[in-house]
Each structure stands twice: as structure tokens, then as C-alpha cells.
Amino acid sequence: MIRLSSADTTEATESTEAVATDEAREAVLAELTGRLGDSVLGSHIRPGDDLWVRVDRAAWRRAAEATRAMGFTFFDYVSAIDWLPSPFGRDMDAQEDLVVSGAAPKEPAPIVQGYAGGETRFQVIAHVYNIATATGIHLKADVPDDDLSLPSWSSVYAGANWHERETREMFGITFDGHPNLINMYLPTDFQGFPLRKDFPLLARRVRPWPGIVDVEPMPGGADDAEGDDQ
Amino acid sequence: MTAVSDPSSIADLAAEATDTRVNLDFESEGMTLNMGPQHPATHGTLRIVAKLDGEQVISAEPICGYMHRGYEKLVEVRTYPQINALINRIDWLGSFANEVPFILAAEKLMGVEAPPRAQWIRTILFEMSRIANISLFLGDFGLQLGGMTAGFYAFRDREHVLNMIEAATGGRFHPNFDRIGGLKDDLPKGWIADSHVAMDKLLAFCDEMEDLLVGNEIFQTRTRGIGVIPAEIALSYGLSGANLRASGVDWDLRRDGCPPGLVYDQADWKVWTHPDGDCFARTWVRLQETREAAKIVKQLLDTIPAGPVMAKVPRIIKVPEGEAYVATENPLGEMGYYVVSKGDLVPFRVKIRSASFNNISIVPWVARGAYVPDLISILGSLYFILGDIDR
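Going down the list, the protein sequences come from chains A and B.
Residue 82 in our numbering sits at position 82 of the first sequence, and the numbers go up by one each step.
Residue 251 in our numbering sits at position 21 of the second sequence, and the numbers go up by one each step.
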């Protein structure tokens, strides 16, 4: 732990530390690439902060075994991201609204994946931690729409069991080899996957955007028009 | 740092955890016991389906979802300042601590840093919510094990710290005080002196609890050697906070992975661990943590720098495109937010990594083979808040 004695040493300490940890993350990435070979599809390093690695879906379990063997023994979470721009968002009107208002439908925004790239709408994301070196890895994997499944981590990281159940329930992504992939929160006969972007939030259907009454528009700013509907 | 043994054995241990055989000399008919949804030991609506063979638990499966509020969906249609009020309700006993990692994640994406005074006050309030949370744990755990007195003392002394939180933020339970770039307000007059007095009372409370509860023979009999979690298992389930440190893992995000924006390095304090990994160890570590938290608060109160409590941020907060994960050491354990922003007023996706979800996922493993009364000790000592499991 670095203890800062006075204000003028702050900058120098921080910059040297940033470079050092960056090298550490490069080394982690290099080792993971060495273990997984071609299965590493993309990566992103934010110096001194975090590391993202995108791996092939088929190598998802192998990636967990590799990180575990590399000392990343602390399991943090597994979840998913739906990169589809919300059809119920502020800029996009739902189809039902178009019937009422008669407006022309807008073109949906393109799907843009985040760090470490991606090709599919759904991405599974996981975070594991090495408590000896205090570094974490965010692992991502693309899951194609026609086959929303991945190998399960639950036999590598025991804690993945519940997280995968939650992800299955909320996104409809199944995990092969999971011992008990039942609903975590919702009733067993619940239809739909709530955290998908095309699952409407009923409260917002009743009171649709702009529902941001608390936000005062900037005088003359670009956001000025948003408050007009109030 | 505890050495973690051969990683290959985790597969066997995980397989064992899902194995429901029970090694008994004679065959007997089992029964299923529903603990909950409402049961004093679950402080809320968590249901435990326990399959029993006599007094012994063959398997225990927590059933969550009685309090699922869908925060991860709700935050996608709320602006960042609005989300702050919502996520207060995740761990309702240490509310201020819920706000901090989210605000820090947003600050990281925006490249904003709170002024030093705000960082100090943030850390002080963070530790105060830890004290408010864990002091109630000590009392409540005593209540669950039949010691009524501990419960009354905890409720009495928790009031001191809640009063200070209320005086500074206006909210006893849900402060909603943290802002992107700083804090809503500066401290009221006389608050620092009053807080010193409150912390002294809390330190006295810790001593009292050490004698009254932790030193009690009945308490020790009911917790020592019960619900032992080895370090390796704790790590693979992602246990965090005192539950992990009670298994002998010397890991604390306040010391080892403190995100910028909190000033734990400015105080002299200690991370406590316990080698046993049983219910007693978890309680003991929490008691020491409360004491350390009071010490941190007292030290930081004396060194608060002068200056503004709010950095210059735009009035309408738009967070630039990017992804960030920030986790802090909350009263219950590691609480993190994975924030994906598309440069809009609202986040694109927020994954809330709450401590209790991971902490309670170990129940099927740890309760197997325990006796029914021990189940209360195990659940109580793992210490979860329902809102923190279901979110």
C-alpha cells in the first residue's frame, strides 16, 4: 500500500504505479493467451485499472480452468449483457405507440459491443480475481442468437452455480453441464426474460419517456427539447 | 495471504456439494422442513427447504425471490442521480455504503474526482454505515441464539451512529447523500465533536458485546466448530467480507483494492482474520471490524481537510461511453457495480454484484450434515440482508 506523505509526491507515485500495474496486466493477458491459444478473440486493458478478455464460446470453461490455475481463485460474478439498443428507450418508440401517433418508425440503432469487441447481441461476462496480486479479469464470450448456450462454470468455480441460474432466468442463456438450472426469483411459469432489452418495463409503458421530470433542462442546451412534453 | 491448495480438488468438492447422500448406519425416513418464508433467523423472506434425517440436515436449499425488485432492469430507465436513491435500498442497514461504489464507477467513467474533503466525509459515512449495520448483526445474532439482552443493547447503541448519519445527511436509513463529484452538503456545525462522542459510545458497546455475547459460554457452544468453511471453498463461492476473513483469507478491499475516492490509506487500522472459519470466527471478525471502523472514523474526523465538498460537474450528468467495474468493501462484503454506459443520461446496463448473493449461495454446501439448531447459527453468522440477495 502506498502512503502519500504530501501533495507534491502524488503525481509521481501514481504515474509509476500505473505503468507497473499495466505491465502486470499485459503479463496476465500474455499468459492467458498462451494457455488458450486462438480462443482469445479480443482484449482491452485500461492501464492501472482493469483487463477485459473475450474468449471463444467453446473455450469458456477452459478459460475458467486456465484463470483458476493462474491463481484467479476468487470468483466474483457471472452475468450477461444484451447489446441490443432498447426498442423502448427514449429515442425509440414502441410499435404500439406508432399506431397511435402515426409517426414513421425510426431505424433501430446498430448494435455496438463494448470493450474487447464482439459479434453477437448477447455477451456473457464474468469476473474473477487474484487476491495475491490484487488483479481481476473480466472474461467475455459471444453467444449467438440461434444457440444461446455456453459450457457451465459451476464445476470450476462453485459460486457460478447461482449466478448462472440468474443469468439463465434473466437472459435466457443456458449453461451446459449446470446441475440445477431452475429459476432463482421468478415463478416457474413466467414467460419471457426480463433483462433482455426487448422485454418492456411495464411501469414505463404506463408512463413512458420522457419520465425524467427531475432533470431540469439546460437553458438553450441540446436537452432543452426533452422537457417540452411535460 | 493464505496459501490455496491444489486447484484441481475444487471439482471434487463442488461435486460433493451437490451430492445428497447421507452416511447413516440405519435407513430412516427423511422429512422436508420449510424454514420460512418468514422466520426470525432469515430477517425477511428467505425460505430454506431443508431435507432432514432426524435432526440432521441432508440438504438445505435457499429459495430466493420473495423480495426481488428487479433493480438491474429499473436502473436502465433512470438517470444516474435517480439511481442513487434506488440503490440505497439494496442493503438497507448500511445504505450509504451502497451508493459509494456506484458513484465511484460513474466518476471513473466521467474522469471526475471528488475534492479531498468529500472523500474524507465519504469514508467516514461509509464506516458509520458499517457500524450501524454490524452492530445490529451482533444484537440480532444474539437474539437468534436466545440472548435477548444483546439485541436490546445493539438497538440502543446503534441509535448513536444513526443519529450522526441523520444529522449529516437528513436520512436515518436512506441518506441518498453521495453525488457524482462529491457530496450533497457539507457537515453540520458541531458534527465532528458529536461524532467523537458517538464513536466512544460505540467502542464501549463493542467491549460490552465482547463480554456479553462473544464471551458467553452458551454462545460459544452454539457457534464454535459449527458451519466451518475452508478458505478454498470460500474463495470459489466468492464469499467476501468478514465471512472470507473468518476463513483465514487476509483480503480486504479497503486495504488491497481501494478504489480512488476513498481515503482508507490515511488512517491507521488493521484487517482482522480468524483461522477457524466457523460461526464463532465470523462473529468475532465482525466485532473487531466494528471496533476498527470506529477507530478509522475517529482518526479521519481529526484530519478532515478544508475545502469544497463538490467538484465541478455538469448539471445534467451524461456519462461517457465505456465500461467500469468498481467494488468496495461493504458491511456485508464486496459490493460492486459493473456499469456499461453508452454516453446517455441513463446507464445501458448495470450488473449489481451484491455480497449476500454470493455469501448465501454457500448454504447448501455448509448446511449439509449440520443439525437443525445449527442451521440457525450458520444462517445468522453468514449474515445476509434480503434486499442484498434479491436486489
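Incorrect hints may have been included.
Pairwise CB distance ranges, derived in the manner of DEER restraints [unchecked claim]:
| id | chain 1 | residue 1 | chain 2 | residue 2 | range |
| --- | --- | --- | --- | --- | --- |
| 1 | B | D437 | A | L202 | 50 to 56 Å |
| 2 | B | E343 | A | D176 | 43 to 49 Å |
| 3 | A | Q191 | B | E447 | 28 to 34 Å |
| 4 | A | L186 | B | W322 | 44 to 50 Å |
| 5 | A | L201 | B | G573 | 18 to 24 Å |
| 6 | B | E389 | A | I111 | 23 to 29 Å |
| 7 | A | P179 | B | G420 | 54 to 60 Å |
| 8 | B | D532 | A | I111 | 48 to 54 Å |
| 9 | A | D147 | B | F403 | 33 to 39 Å |
Hints listed in this document are in silico derivations from the structure and should not be mistaken for laboratory results.
Don't be surprised by glycine CBs; every beta carbon is placed ideally from N, CA and C.
Now the hints, each set against the structure:
For D437(B) and L202(A), the Cβ-Cβ distance of about 52 Å falls inside the hinted range of 50 to 56 Å, so the restraint holds. For the pair E343(B) and D176(A), the supplied restraint of 43 to 49 Å holds, since their beta-carbon distance comes to about 44 Å. Our hint of 28 to 34 Å for Q191(A) and E447(B) is violated, since their Cβ atoms are close to 55 Å apart. Distance hint check: the CB atoms of L186(A) and W322(B) are about 22 Å apart, inconsistent with the given range 44 to 50 Å.
Taking 18 to 24 Å as the suggested C-beta distance range, the pair L201(A) and G573(B) conforms, at roughly 21 Å. Checked against the hint of 23 to 29 Å, the pair E389(B) and I111(A) fails, with Cβ atoms roughly 52 Å apart. Separation of P179(A) from G420(B) is about 58 Å and conforms to the stated range, judged on CB atoms against 54 to 60 Å. Checked against the given bound of 48 to 54 Å, the beta carbons of D532(B) and I111(A), roughly 53 Å apart, stay inside it.
For D147(A) and F403(B), the Cβ-Cβ distance of about 46 Å falls outside the hinted range of 33 to 39 Å, so the restraint is violated.
This entry does not satisfy hints 3, 4, 6 and 9, going by the numbered hints stated previously.
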